[in-house]
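Protein chains in written order, with this note's numbering: chain A, 98 to 296; chain B, 7 to 348.
Check the hints yourself; a few may be wrong.
Footprint (simulated), chain B over chain A, 3 or more residues, beta carbon under 8 Å [what the hints assert, rightly or not]: (1) 121-129; (2) 147-153; (3) 162-176; (4) 256-263.
Think of the hints as simulated: they come from the structure by calculation, not from any bench. Nothing here was measured: the structure is a model prediction, and the numbers come from that model. Built from N, CA and C at the ideal position, the CB exists for glycine as well.
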Amino acid sequence: MEPDFDERTAIQRLKAGDLMALEPLVRTHQLEAIRTAYLIVRDRALAEDVAQAAFLSLPGRLKAFNFELPFRPWFLRLVAREALKALGRRRRELSLDGLDGVLAALPDPEDAAARAELRAEVWAALERLSPERRAAVVLRYYAGLSEAEIAARLRRPLGTVKWQLHAARRQLRRLLEGVWAGSSQRQPQIVGGDAHDPP
Amino acid sequence: MTHRKEKLFREALTELAEAGVPVGADLWPRVQTRLKSGPAKAGAYRPRWVWVVAGLGAVILLATAAYAGGPLADGLLKLAPGWSQVGQAGLTRYYGLGQSRDGWTVRLERAYADPNQVLVVLWAGGPAGFGVLDVRGELFTADGRPLRPELGAGARGRSEILRLELKPDESGHVLAFDGWDLGQASGDVVLKLSVRLARLEPEGFPGGGGPTPMRERELAGPFWFEFRVPVAPARAEVRGKEAAVGGRKARLERLVAAPSGLKLRACFEGLADGPGTPRPAIPRLVFDPELPAAPVVVRADGPDCYRWSIPAGLAGLSGRRTIKFFGPDGAAEPWTFDLNLP
Numbered sequence: 098m099e100p101d102f103d104e105r106t107a108i109q110r111l112k113a114g115d116l117m118a119l120e121p122l123v124r125t126h127q128l129e130a131i132r133t134a135y136l137i138v139r140d141r142a143l144a145e146d147v148a149q150a151a152f153l154s155l156p157g158r159l160k161a162f163n164f165e166l167p168f169r170p171w172f173l174r175l176v177a178r179e180a181l182k183a184l185g186r187r188r189r190e191l192s193l194d195g196l197d198g199v200l201a202a203l204p205d206p207e208d209a210a211a212r213a214e215l216r217a218e219v220w221a222a223l224e225r226l227s228p229e230r231r232a233a234v235v236l237r238y239y240a241g242l243s244e245a246e247i248a249a250r251l252r253r254p255l256g257t258v259k260w261q262l263h264a265a266r267r268q269l270r271r272l273l274e275g276v277w278a279g280s281s282q283r284q285p286q287i288v289g290g291d292a293h294d295p296p
Numbered sequence: 007m008t009h010r011k012e013k014l015f016r017e018a019l020t021e022l023a024e025a026g027v028p029v030g031a032d033l034w035p036r037v038q039t040r041l042k043s044g045p046a047k048a049g050a051y052r053p054r055w056v057w058v059v060a061g062l063g064a065v066i067l068l069a070t071a072a073y074a075g076g077p078l079a080d081g082l083l084k085l086a087p088g089w090s091q092v093g094q095a096g097l098t099r100y101y102g103l104g105q106s107r108d109g110w111t112v113r114l115e116r117a118y119a120d121p122n123q124v125l126v127v128l129w130a131g132g133p134a135g136f137g138v139l140d141v142r143g144e145l146f147t148a149d150g151r152p153l154r155p156e157l158g159a160g161a162r163g164r165s166e167i168l169r170l171e172l173k174p175d176e177s178g179h180v181l182a183f184d185g186w187d188l189g190q191a192s193g194d195v196v197l198k199l200s201v202r203l204a205r206l207e208p209e210g211f212p213g214g215g216g217p218t219p220m221r222e223r224e225l226a227g228p229f230w231f232e233f234r235v236p237v238a239p240a241r242a243e244v245r246g247k248e249a250a251v252g253g254r255k256a257r258l259e260r261l262v263a264a265p266s267g268l269k270l271r272a273c274f275e276g277l278a279d280g281p282g283t284p285r286p287a288i289p290r291l292v293f294d295p296e297l298p299a300a301p302v303v304v305r306a307d308g309p310d311c312y313r314w315s316i317p318a319g320l321a322g323l324s325g326r327r328t329i330k331f332f333g334p335d336g337a338a339e340p341w342t343f344d345l346n347l348p
């Protein structure tokens, strides 16, 4: 999403000490930040706290921001790091209690039952991943960051991130095996589309 | 994962995120409170103490740096009581949208909207030696309807009262537009702003001892900005009250009290010509008790109707008030309307 304000100017002014320059950054990126955190910490209130902490940490962290690079992936990686820190502190076991509400709030597509099943399985499978793997998966598949972008902010070597994603994918494949099988019966077959990456 | 499975997985993640965190979350008030008061005192999630101490130091230092020079909007909005209250209540939205062309720069700093007024705060700068800049702003709704300009104010140089310090060849401006033209009392509104930079220059020599003729020299523009701003709700609205004096009616068509101030439209039957004026003069509006001092904009608004815009600030408006309109014919008895503003 292209911001409807001069993001670079806001970042420069924030870096120069104008704290009010945070406002357009918050308003533009807050939804994606909270959602990214939510998929990692799996708790709406905690996700908002995480996103808020990430925004409040910006004035100090912008020293490390390379103005040649886009802000969004850099900031979402920061959110993921805050989410991991928050999980590490709380050590809280998050249940699936909130899932019923989540599923009920979703739109009602044609194959609602299949999609609801997929979401429930994905939600459950995500919980089985370690927080680090979950963060890598959310950044890769929800936020759409590249492996190199993820590695840069999670402060892990690229190889480690690749391995984490590979391991996460294997684990997810195993956890979601039943769902894929079910969904493949309902979905039209894509001939030849799977040749390069067998399950 | 295969492409298809990856696509399904991405979609599932997106749907989970959208369902778990619906559109509408607004962190800014919380972030703003934290910026003003330091790190959170309570909450489900606290940063590490090291961060708290370091962060507190950073917040204090940065806040001092930001306020020492006096932010442009805070200073300029002091020019009218209603604007000042809008600024103090943190109701304006920051944009920092800058545009440069041929050495001239215009930056949309902040904007605010309520049903009475739309305010935009601009910073302008140019090459050295061009002197006082004037800005000409036009504001349009997303579908191209213009909002009538109401008031404009600007500043340059240094002001202790406004806590402003601008470099030479820089200036700050507040432009106020008629919020009634928005036709919207709440929600967000998308607006388009066109700004031209100009300068008044003497043109020729004064004739017969009169003032020096001036002409406007356009320097740069238009600079176009498109932005979204929330419309703060009105505090009170009154419609359709009537009063009669000597068989002549006056009708207070509409009065709106909003954070930026007060606006009202009234129509009068049989306004006599004022002495020496070729057209009906404007009735004199008096508040009892008086309003805090504020600029007043009056404009004709249909036959025998006028619209007053007074950015007086809600704090000075609440309670019982009487509005009196004195006719231009010098009659002692005014049209009187009693109001109770929350």
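Now the hints, each set against the structure:
Three residues within the 8 Å Cβ limit are the bar, and the region 121-129 of chain A against chain B gives 5, so the coverage statement holds. Evaluation of the coverage hint for the region 147-153 of chain A: fulfilled, as 6 residues show C-beta separations to chain B shorter than 8 Å, against a requirement of three. Given as covered by chain B, the region 162-176 of chain A fails the check, having 0 residues with a CB less than 8 Å from a CB of that chain where 3 are the minimum. Coverage of the region 256-263 of chain A by chain B is violated. Counting CB-CB distances below 8 Å, 0 residues qualify, and the rule asks for three or more.
Hint compliance for this structure: hints 3 and 4 are not met, and every other hint is.
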